[in-house]
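K.L.:
Spelled out from the first residue to the last, the chains are:
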Amino acid sequence: MSFDSTYTRELPLVEAKKSFKEIDEVIALPTETKPTKGWWIAFSISSTALLIGAFCLSLTFYYGIGMWGNNNPVGWAFDIINFVFWIGIGHAGTLISAILFLFRQKWRTGIARFAEAMTIFAVMTAGIFPIIHTGRPWLAGYLLPLPNQNGVWVNFSSPLLWDVFAVSTYFTISFLFWGIGLIPDLATLRDRTTSKIKKTIYSVLSLGWTNSNRNWSNYERAYLILAGISTPLVLSVHTIVSFDFAVSVLPGWHTTIFPPYFVAGAIFSGFGMVSTVLILVRKVFNMEHIITIGHLEKMNKILLATGMMVGYAYGMEFFIAWYSGNTFEQFVFINRAFGPYAWAYWTMVSCNVIFPQLFWFKKIRRSIPITMVLVILVNVGMWFERFVIIVTSLHRDFLPSSWAMYYPTLVDLGLLLGSFGFFFTFLLLFLKTLTLVSISEIKAVVEGAQPTIHPHPGGNGQHHD
Amino acid sequence: MDYKKKPLPPVVGKAGFGLLGIGLVLMILAFAVNTQRAFFDYLWMYMFLVSIGVGSLALVALEYLVGATWSTPFRRISEFLASIIPVLAILVIPLFFGMHDLFHWTHPETLQNDPLLQSKASYLNVNFFIVRVAIIFVIWLAFYFLFIRNSQKQDVTKDPALTRQSIKLSAIFAILFIVTISVTAIDWMMSLEYHWYSTMFGVYYFAGTLYVSFAVAAFFAVKLNENGYLSERLSNNHYYSFGAFMFAFNIFWAYIAFSQYMLIWYADIPEETFWIIMRMKGSWAYFSIGLVFVHFIIPFLILLPRSSKVRPGLLTKMAVWFVLAHFYDLYWLIMPTYFKDGFVFGWSELGFMMFAIGLIITVFRIRAAKTNLVPVGDPKLESGLNFHLN
Amino acid sequence: MVSIMIKKLINFVKEYDSKDDREPRSKKLFGLAALYNTPNEIITAAADVAGKGYEKFDVYTPYPMHGMDDAMGMKSSKVGYVSFALGLTGMCLALLMIWWMSSVNYQNIIGGKPFFSLPPAIPITFEGTVLLTGIATVFGMLILFNQLPKINSPLNDTDFMKRVSSDKFGVVIKADDEKFSDSEVRKLFLSGGAFEIQEIYYRETNLGIKTPIFDGKFISIIFATAILTAIITYITLNIVLYDVVPFDWMWKQAKINSQSKSDFFPNKAGMREPVNGTVARGFLPYEYKGMPDSSVKLLSNPLAVSRKVLERGQERFNIYCSPCHGYFGEGDGRMKDQFPKPPSLHNQKVLNWSDGNIYHVITNGQNVMPSYAEQVSVDDRWAIIHYIRTLQRSKNASDEDLTKAK
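Which chain is which? The protein sequence lines are U, S and A, in order. Quick note: the first sequence uses numbering that gives the first Met the number 0, first residue 0, plus one each step. Quick note: the second sequence uses numbering that gives the first Met the number 0, first residue 0, plus one each step. Quick note: the third sequence uses numbering that gives the first Met the number 0, first residue 0, plus one each step.
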């Protein structure tokens with residue numbers, strides 16, 4: 000075996016060389032068959048969680064957000080933690096679909112569509128929380144700069160308003176990105192199906208795509224531009240989320256490293272979630288040849304790298320807190336590590352920095368069960384990171400007389416559960432209705448899919464060198 | 000592989016030596032005229048050379064780490080530039096004699112009257128400072144020699160195991176690089192104003208090192224290849240990657256710089272804003288606004304169109320621009336501590352700049368004389384040469 | 000009964016679902032289509048077709064194929080221009096919006112910062128740029144450049160399309176190409192290794208024979224849906240949710256209004272009374288209350304005369320004093336026939352009064368005149384006094400004053 004073939008480049012992206020027809024069949028199969036028992040079990044679990052969340056939400060609406068454990072001084076708690084957590088989950092999707100596309104990492108094709116769908120559902124989930132935190136979500140229209148009878152405009156200096164713009168832009172662009180990726184696949188499904196109703200739906204959704212090369216040419220350019228703008232967009236979204244905290248003067252929140260630190264954390268947690276779900280999905284839908292163990296290993300490497308970036312930020316924050324000589328700043332960090340919420344802090348550090356160090360070993364990177372455990376820990380750790388940042392900074396600040404502890408209520412926990420239910424219900428519906436791997440993209444990277452000659456009109460074909 | 004080793008034209012050596020010589024004379028004069036100013040200029044030049052030397056080593060490690068192939072034919076260029084590291088180990092010594100001139104925190108009377116400084120004296124003291132610099136140099140030198148040894152050995156043995164070993168080294172170096180570069184930035188530049196602190200500072204300098212070391216690599220790569228020193232098979236596809244990464248590193252720097260500035264501006268806490276206010280006094284205000292244009296906006300607009308990322312002439316010009324922009328950036332970081340009322344750029348600063356550029360060219364020429372310009376034994380070379388955009 | 004109905008419904012849906020819905024094709028030829036097996040064959044075929052000078056042709060592949068644009072002699076895509084133009088527009092619009100809303104139309108000081116400054120405007124400007132670039136890219140690509148959506152293209156719903164969206168590669172030369180000739184095209188296809196050639200005909204809708212969008216049924220369904228939606232929305236928002244917690248606009252709140260009854264307090268009143276001796280702001284007790292005006296000589300006017308004070312005094316005087324005293328203080332007010340006429344303010348007694356005396360009369364009242372302390376604030380009373388003095392001066396002016404005024 001030569002070095003080249005064991006090295007990253009030359010590994011086939013689709014294992015066990017499959018023909019185009021077989022690829023169509025494998026990928027379209029979930030959309031053409033009735034759901035399996037396993038799917039129904041998963042669906043009933045997630046929709047139960049969703050219903051619990053919906054129940055807690057109606058309690059919140061009826062009685063007001065006093066149902067939550069939020070208090071004075073901890074005015075932001077589970078709601079904002081969940082918001083930041085879910086927005087972060089979304090970032091992996093855009094990273095895989097846009098940034099890896101720009102870096103020409105062809106292995107992304109196997110997981111991009113799925114990760115993009117996760118982005119959309121995660122952003123939807125995230126969007127719920129700040130809106131319900133306002134208490135009157137049906138008046139959320141006032142978050143936008145719309146002309147109104149009071150003659151007032153929104154506060155453009157507020158990072159919370161920047162969030163409104165960032166998250167809605169992010170959702171729109173991710174949706175468009177995902178949507179144009181789906182068009183060719185929907186055309187393939189349209190041409191496969193024998194059902195009239197399905198055909199009508201697919202025809203409308205695929206906009207009458209004909210696979211024409213004159214269309215492909217514009218399509219590819221548009222895809223490149225979208226990838227180009229999505230990359231800074233994804234950075235901006237979590238940067239702006241970090242501004243929510245960092246523009247304040249609160250110790251533990253106001254620190255200049257927050258923007259890149261939040262972005263790295265978002266990618267880290269997003270990859271954790273993508274891995275968690277992907278490991279199950281590839282097994283359930285028999286896609287081990289398309290979503291290979293190589294994909295999982297690469298994602299584990301990214302987890303290791305981003306985990307260490309997060310670790311760098313933890314360390315730098317601690318060091319500068321000491322170096323600044325600012326006693327408030329120092330207190331916050333001592334309080335995080337040794338105060339009443341020390342358990343949350345150490346959960347965060349061990350799940351995000353210590354345990355991922357196991358990914359240094361190739362054996363562990365390629366072991367599915369250990370990866371599964373570690374990525375779930377990453378999810379837990381990143382949720383606790385937001386808990387630590389938000390709750391520990393708020394519960395003890397400048398004025399010791401207003402210190403208080405925060406304890407979540409059952410409604411808080413129900414909403415957290417409900418957010419998972421919401422996300423997974425959408426995800427499960429997606430898995431059965433649309434193609435979870437991009438058919439056209441995966442075909443393009445199969446061995447032998449691209450011509451080896453490059454002729455020009457009128458000239459002879461020159462051979463690829 | 001169609002690579003044939005050719006010696007570089009003598010004009011390169013002359014230019015390098017010329018700049019180095021004139022620079023050296025001006026440097027000595029500068030020390031004779033105004034020692035403190037000369038030490039600040041020297042620090043400025045030193046940080047620039049750290050950016051190039053250590054940044055280039057990081058680029059080498061980055062290529063191994065992510066398994067990039069398009070850059071393999073150019074890896075030698077970064078390796079040559081990394082040879083500045085051993086020179087840096089010598090160049091750093093004079094700075095220790097200028098500690099008193101450079102760093103206010105080294106003055107015993109300051110320490111006595113400043114409780115804030117006392118609280119961080121266990122970090123900011125001359126002994127520990129020197130120990131840190133020494134440890135950092137041990138790390139840089141060790142990795143430099145390991146990477147270079149592996150790469151050059153491979154020219155002869157063509158042993159893929161060496162690449163595998165370098166990948167492992169890269170993973171370790173990546174971590175050490177981030178830590179050492181942050182400590183370097185904090186020690187040499189942030190501690191000039193020892194009251195000021197920013198958690199982003201290490202990342203800010205890191206963004207600058209990638210920005211400039213990549214640009215210098217692009218300059219040499221495009222120039223050498225256009226004049227037929229590398230391979231005929233290197234084409235627009237490779238140039239595009241240079242252009243695209245220069246563009247990307249530029250945006251990354253702007254992102255970091257904006258985030259740091261915005262957060263300090265918005266929170267408006269006196270312990271942080273004084274550092275920005277220093278850079279808004281007198282003519283420094285124009286200098287600071289100029290930084291945004293010189294470092295970010297102008298290169299951004301020039302490199303934005305796809306077509307400009309593949310034009311070799313434009314790429315080399317932009318690379319030179321990036322070098323000057325990094326000088327500009329470091330000047331903005333370091334010099335306000337010395338020139339408090341407004342920026343001054345005289346023959347002394349010019350001399351130090353000439354010395355730095357002359358040194359880069361000379362080191363490159365000396366290394367290029369003995370070693371292949373392309374890593375002929377690298378197993379990734381073939382796919383690197385075959386690299387196509389689509 | 001219900002189960003039978005459900006079964007019938009299911010059967011109906013199934014029957015409908017399995018019907019062949021292929022639209023009848025006209026006799027007019029759209030073009031000739033050829034299918035190929037491998038990427039190399041198709042890319043060569045594309046170069047051949049383009050090389051022969053055909054212009055109205057296209058290549059159909061299940062995925063984008065590298066080098067095909069060159070093979071077909073196509074120019075590079077222009078999508079980027081639309082993206083750039085709208086991106087720039089988005090940036091300008093966002094900046095303009097922030098500047099106008101926060102520093103022109105609705106100025107609001109926040110955190111002591113300027114109404115408009117660049118650093119906090121950058122995030123939204125950036126998002127606006129990206130949003131418009133993205134929308135322009137996608138819709139520009141689909142609508143402007145690819146002329147989509149178009150679900151009744153003659154190619155859709157053909158065997159040819161079923162193959163090229165799965166595993167084969169195809170070329171279509173349109174019949175309206177100037178060089179089109181059936182036999183030439185077939186020869187060209189076969190020489191390039193095509194394994195199948197198909198004739199594609201226009202749909203009837205393509206030729207305007209049938210236009211389902213103007214179908215009466217279709218239009219009436221749309222109409223009915225619109226009306227129904229409007230009615231349901233109206234009822235939901237204005238009747239169903241009007242008075243329901245939590246959509247009740249906070250009309251019902253768990254609090255005690257000042258006028259309401261409360262069982263919680265011993266006196267059963269919702270309003271709490273102030274502590275004894277409480278003095279409201281601006282209502283300091285008047286120390287000479289009920290005393291004769293002789294005792295108030297010490298009071299003097301604390302307000303300096305200024306145009307503003309005089310105008311205020313005039314305004315208050317016209318509101319509160321003129322109904323009885325008249326606009327010029329001559330006692331000929333609008334109430335003169337319904338109410339005892341007050342004496343003129345220009346009589347010697349009032350002219351000799353100090354400001355304090357007038358203040359006392361306004362505050363305390365005199366004879367039939369009640370106290371105006373509740374209606375006119377302390378400052379306004381002094382302003383009125385300045386105005387009365389002005390009136391007196393103007394009504395009793397001497398010739399000297401005229402020369403002085405010159």
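The reader is advised that the hints may include incorrect statements.
What the hints assert, rightly or not - Derived coverage of chain U by chain A (criterion: at least 3 residues anywhere in the stretch with Cβ under 8 Å from a Cβ of chain A; other residues may be distant):
1) 254-260
2) 343-355
3) 437-450
Said to hold, decoys possible - Partial chain U-side listing against chain A, Cβ under 8 Å, derived:
4) S18
5) F19
6) N71
7) I196
8) K300
9) T408
Keep in mind the hints are simulated off the structure, nothing from the lab. All values derive from a computational prediction rather than experimental measurement. Every residue, glycine too, gets a C-beta built ideally from N, C-alpha and C.
K.L.:
Hint by hint, note whether the structure agrees.
P.N.:
A quick look at each hint next to the structure:
| no. | hint | verdict |
| --- | --- | --- |
| 1 | 254-260 | violated (count 0) |
| 2 | 343-355 | violated (count 0) |
| 3 | 437-450 | holds (count 9) |
| 4 | S18 | holds, 7 Å |
| 5 | F19 | holds, 4 Å |
| 6 | N71 | violated, 19 Å |
| 7 | I196 | holds, 5 Å |
| 8 | K300 | violated, 28 Å |
| 9 | T408 | violated, 18 Å |
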